[in-house]
Amino acid sequence: MKYYEALGIEPRLALDLDALKKRFYELSREWHPDRFSRASASEQQKALDKTAVLNDAFRTLKEPVSRAEYFLEESGIPPSKNPPPELLEEMFELNEALEELRGTGFSLSSESDRLKPVPPQLIEAQKKYGKMLDEVAEQLDTLFKQHDEHRERAALQEIRGILDRRRYVANLMRDVEKELNVHVSN
Amino acid sequence: MSTFQIDFGGGVPASKIVGIDLGTTNSLVAVMDLTGPRILSGIVPSVVSVTDSGEVVAGSEAREMLLTHPERSVYSVKRLMGRGVDDIQEELKLFPFRVAPDKGVLKLEIGGKTMTPPEVSAHVLLKLKRDAEEALGAPVTQAVITVPAYFNDAQRQATKDAGRIAGLEVLRLVNEPTAAALAYGLDKRKQGVVAVYDLGGGTFDISILRLHDGIFEVMATNGDTHLGGDDIDNLLLRVALEDIQTEWGEDISSKPDAVQILRRAVIKAKEELSFVPQAAIDFSYGGRRYQREIPLDVYNKLIEPIVERTLGPCRECIKDAKVKVEDIDEVVLVGGSTRIPLVRSAVERLFRAKPHTELNPDEVVALGAAVQAGILSGDVQDQLLLDVTPLSLGIETMGGLVSKLIHRNSTIPASATEQFTTAVDGQRNVLIHVLQGERELVKDCRSLARFDLKDIAPQPAGAARIEVRFLIDANGILSVTAADLRTGKEHSVEVKPSYGLTDQQVEAMILESFDKAEDDFKERQVREARVEADTILSATDKARKNHEALATLSEEERAAIDRAVNELLVVYHCDDHLLIRAKIDQLNEATQRLAETIMNTAVAGMLRGTKL
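For the record, the sequence lines run as chains A and B. As numbered in the working numbering, residues 1 to 186 make up the first sequence, in order. As numbered in the working numbering, residues 1001 to 1612 make up the second sequence, in order.
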């Protein structure tokens, strides 16, 4: 797998983030184009290509989710296109609730509404999906270790299922947060 | 042949790479010294004028001409870099740019000449280059130039073009806030999270960086390339013009010289208000005088919406950097507009920290550019900048949608590959439209270029496999390569930049410099080559006296050294420095093993020495 090779590490799902970072910075110091500004054109190109892949690799591997997605893709297990059935109900309900809120004209981005209390259903939804995402992260963590130990394809299939589910939960969360505008830190 | 140089000393100092802050209002050039970065000469106003005799001048002289001959002068041209005729309509309402009626590339009319924005900038760069050469007493040919972090591909390319037109090899474009962090970061703090708030004459940037052991890693950046002190000037100018119309019963806004004089009076009042609680706009024109006192609180009320506009990008940036406000250890202020008390208090409130202002906010970017120049030349070790791309890069897909390939805030260099195929039997080419921006629809993003993948072998629809690689380099500039996966053949990619100049156009614009610096430069290169030749010749001479080491070489190796020495002596007095260098390299190579042997013996001797 190209990205693992770029960082010179074994293809594993569970990675020690600190070790990964250290490796990335070491290789960056060695290969960054800044170090080759007076080298020949071909050496400059090589440094550019190498760091581009190195950066792509680090960006992908440092996050457990993108790492797993990459790992599955490389193992010939693409993500499923259909939403997980158990989440369908959830999605409909949330969309309805959001519609309703919009219908009342409530918006946290408007100055006057910001003074009103935030609708409790939004806070609840945010909590709920946050918890679901935390659970997913834990499940992935466990499965990563399992996979690395036994290298079974079944584990990868299971990871795929969780990733599919996570993607939809993340979308739900995004919709809620958009409404909540939570990141506006006043 | 570094061993040889360590052994016998006498490396040749390479010519200096300068760091340039090419600002909207003012520009500066700096260089890295043994003690640190140093500003080379005074501030150069980013103003260009054409004199009555048709000579192009830049800097202070041009700024004076702006008052006397506004129609022959241009300022704030940075706002137009990398932009098309269609998307500067808003600027035209606020700035006295006179756009030439050319189709296609945007050109300005200045005193009977037409110039593209990169050409105008090139004149400012040329002025900086000459100032630097004078200060250094040596030619300057290579530079690091800073750009707003939020500049897109076309704006960056235009800046690079400006450098080339001015006769400078632009080794790197560095983002302004990152440069500022480099200037501040020198031996200051080993670890931590730093926010750089950069409000300049025409652009606003916010960057959040993590520092660790000399690595400056940008985590996120955001900004607005059309927001700065200029906007405050224009606002005050509008208020004053209305006021004057009421008082004098005359609209002077159509008189360019009057407007420029008033503009300067307004800027003076603005600058004073950064230090005193009350200032006056004092303006005289055509024998009449207008005076208006502006108390600080009135001024603050006026400019509040402009200051407010910087806060949205700050919040976005904090979010994208995945940090909390309380994680940010330090805030650094950059750009002249951060002297404004309201700006300072807004920053303090948002980041809940007292911002750093030790370095002159006008100079800090140029100083940082010089540090980056030092990194490139190898003078500065242990420091490394990992910057990001400010905007997502994507391609147009079905239905006018943009498919993102490289997301914003990705560390650069960054790349992405995408496979393309044909839709119709026998299709010979595929058109790819590259865009930059965060929105989902093509019409809301900025068109960067269209690429035509040509000469695809005729085959059934969907059979072709063409892999296209998009690469953003360390300057934040995109390049594209394509390969046919079935044949493994590199594919031709024809780039049509949506806004910008072709290589040929830039080539044609290169300022013919009858500058004697150029001749000096050639002479200097020859001189340098000869100095280097002297060094290696005398080192070789010395080495050949080491009979013990010489004996380890074969007959051929010794003959090769003799030959290389003779050939170097033959070309020594010619005036082609490349030829001399080639022969130096040849001698270097021939003596490599001899040098190694001597080196090893010397090291072995030293080791024995320590043991005894």
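Hints are computed from structural coordinates only; laboratory data are not their basis. Among these hints, one or two may not hold up.
What follows is a set of in silico ranges between Cβ atoms, one per label pair, in the way DEER data are often shown [stated by the list, open to error]:
hint: 1; chain 1: A; residue 1: Glu-5; chain 2: B; residue 2: Asp-1213; range: 35 to 45 Å
hint: 2; chain 1: B; residue 1: Leu-1092; chain 2: A; residue 2: Gln-139; range: 26 to 36 Å
hint: 3; chain 1: A; residue 1: Lys-145; chain 2: B; residue 2: Ala-1582; range: 40 to 50 Å
hint: 4; chain 1: B; residue 1: Asp-1243; chain 2: A; residue 2: Asp-49; range: 32 to 42 Å
hint: 5; chain 1: B; residue 1: Leu-1302; chain 2: A; residue 2: Glu-177; range: 30 to 40 Å
hint: 6; chain 1: A; residue 1: Ala-41; chain 2: B; residue 2: Arg-1469; range: 35 to 45 Å
hint: 7; chain 1: B; residue 1: Asp-1425; chain 2: A; residue 2: Lys-81; range: 22 to 32 Å
Listed next, the in silico DMTMM-like pairs over lysine to aspartate or glutamate satisfying Cα-Cα at most 25 Å (straight line) [claimed, not checked]:
hint: 8; chain 1: A; residue 1: Lys-2; chain 2: A; residue 2: Asp-141
hint: 9; chain 1: B; residue 1: Lys-1489; chain 2: A; residue 2: Asp-49
hint: 10; chain 1: A; residue 1: Lys-145; chain 2: A; residue 2: Asp-49
hint: 11; chain 1: A; residue 1: Lys-145; chain 2: A; residue 2: Asp-134
hint: 12; chain 1: B; residue 1: Lys-1324; chain 2: A; residue 2: Asp-134
hint: 13; chain 1: A; residue 1: Lys-81; chain 2: B; residue 2: Glu-1396
hint: 14; chain 1: B; residue 1: Lys-1322; chain 2: A; residue 2: Glu-74
hint: 15; chain 1: B; residue 1: Lys-1489; chain 2: B; residue 2: Glu-1438
hint: 16; chain 1: B; residue 1: Lys-1319; chain 2: A; residue 2: Glu-74
hint: 17; chain 1: B; residue 1: Lys-1404; chain 2: A; residue 2: Asp-175
hint: 18; chain 1: A; residue 1: Lys-46; chain 2: B; residue 2: Asp-1576
hint: 19; chain 1: B; residue 1: Lys-1319; chain 2: A; residue 2: Glu-135
hint: 20; chain 1: A; residue 1: Lys-50; chain 2: B; residue 2: Asp-1473
hint: 21; chain 1: B; residue 1: Lys-1322; chain 2: A; residue 2: Asp-175
hint: 22; chain 1: A; residue 1: Lys-178; chain 2: B; residue 2: Glu-1438
hint: 23; chain 1: B; residue 1: Lys-1093; chain 2: B; residue 2: Glu-1250
hint: 24; chain 1: A; residue 1: Lys-46; chain 2: B; residue 2: Asp-1503
hint: 25; chain 1: B; residue 1: Lys-1268; chain 2: B; residue 2: Asp-1362
hint: 26; chain 1: A; residue 1: Lys-131; chain 2: B; residue 2: Glu-1438
hint: 27; chain 1: A; residue 1: Lys-50; chain 2: B; residue 2: Asp-1327
hint: 28; chain 1: A; residue 1: Lys-81; chain 2: B; residue 2: Glu-1440
hint: 29; chain 1: B; residue 1: Lys-1322; chain 2: A; residue 2: Glu-124
The C-beta atom is built at its ideal place from N, Cα and C for all residues, glycine as well.
Verification of the supplied hints:
Look at A/Glu-5 against B/Asp-1213: about 25 Å separates their beta carbons, and that is not inside 35 to 45 Å. B/Leu-1092 and A/Gln-139 have their C-beta atoms about 58 Å apart, which leaves the hinted 26 to 36 Å range violated. The hinted window of 40 to 50 Å between A/Lys-145 and B/Ala-1582 is violated, with their beta carbons roughly 58 Å apart. Look at B/Asp-1243 against A/Asp-49: about 60 Å separates their beta carbons, and that is not inside 32 to 42 Å.
Range check, B/Leu-1302 to A/Glu-177: Cβ separation about 35 Å, and the 30 to 40 Å hint holds. About 18 Å separates the C-beta atoms of A/Ala-41 and B/Arg-1469, a value inconsistent with the hinted range of 35 to 45 Å. As the Cβ distance of B/Asp-1425 to A/Lys-81 is approximately 28 Å, the hint placing it in 22 to 32 Å holds. Straight-line distance between C-alpha atoms of A/Lys-2 and A/Asp-141 comes to about 23 Å, which keeps the hinted pair within the 25 Å bound.
Our distance criterion of 25 Å between C-alpha atoms is met by B/Lys-1489 and A/Asp-49, whose separation comes to about 19 Å. Of the pairs offered as hints, the one joining A/Lys-145 and A/Asp-49 is violated, with about 32 Å between alpha carbons and a cut-off of 25 Å exceeded. Restraint check for A/Lys-145 and A/Asp-134: the C-alpha separation of about 17 Å stays at or below 25 Å, so the hint holds. In summary, the hint linking B/Lys-1324 to A/Asp-134 is supported, as the alpha carbons are separated by about 19 Å, within the 25 Å threshold.
Restraint check: the Cα-Cα separation between A/Lys-81 and B/Glu-1396 comes to about 22 Å, which is no more than 25 Å; the hinted pair holds. As the CA atoms of B/Lys-1322 and A/Glu-74 are separated by approximately 28 Å, the hinted pair breaks the 25 Å bound. Of the supplied pair hints, the one linking B/Lys-1489 and B/Glu-1438 is violated, its CA atoms being roughly 33 Å apart against a limit of 25 Å. For the hint pairing B/Lys-1319 with A/Glu-74, the CA-to-CA distance comes to about 31 Å; that exceeds 25 Å, so the pair is violated.
Between the alpha carbons of B/Lys-1404 and A/Asp-175 the distance comes to roughly 20 Å, so the proposed pair stays at or under 25 Å and holds. A hinted pair counts as satisfied when its Cα atoms are at most 25 Å apart, and A/Lys-46 with B/Asp-1576 does not qualify at roughly 30 Å. A threshold of 25 Å between alpha carbons decides the hint, and for B/Lys-1319 with A/Glu-135 the separation of about 23 Å falls inside it, so the pair holds. At roughly 11 Å between alpha-carbon atoms, A/Lys-50 and B/Asp-1473 fall within 25 Å of each other, so this suggested pair holds.
This hinted pair checks out: B/Lys-1322 and A/Asp-175 have alpha carbons roughly 19 Å apart, not beyond 25 Å. Taken as a hint, the A/Lys-178 and B/Glu-1438 pair is honoured in the structure, with Cα atoms around 16 Å apart against an allowance of 25 Å. Taken as a hint, the B/Lys-1093 and B/Glu-1250 pair is honoured in the structure, with Cα atoms around 20 Å apart against an allowance of 25 Å. A C-alpha spacing of about 23 Å is found between A/Lys-46 and B/Asp-1503, which places the hinted pair at or below 25 Å, so the restraint holds.
In summary, the hint linking B/Lys-1268 to B/Asp-1362 is supported, as the alpha carbons are separated by about 16 Å, within the 25 Å threshold. Straight-line distance between C-alpha atoms of A/Lys-131 and B/Glu-1438 comes to about 29 Å, which puts the hinted pair past the 25 Å bound. At roughly 32 Å between alpha-carbon atoms, A/Lys-50 and B/Asp-1327 are farther apart than 25 Å, so this suggested pair is violated. A hinted pair counts as satisfied when its Cα atoms are at most 25 Å apart, and A/Lys-81 with B/Glu-1440 qualifies at roughly 20 Å.
This hinted pair checks out: B/Lys-1322 and A/Glu-124 have alpha carbons roughly 23 Å apart, not beyond 25 Å.
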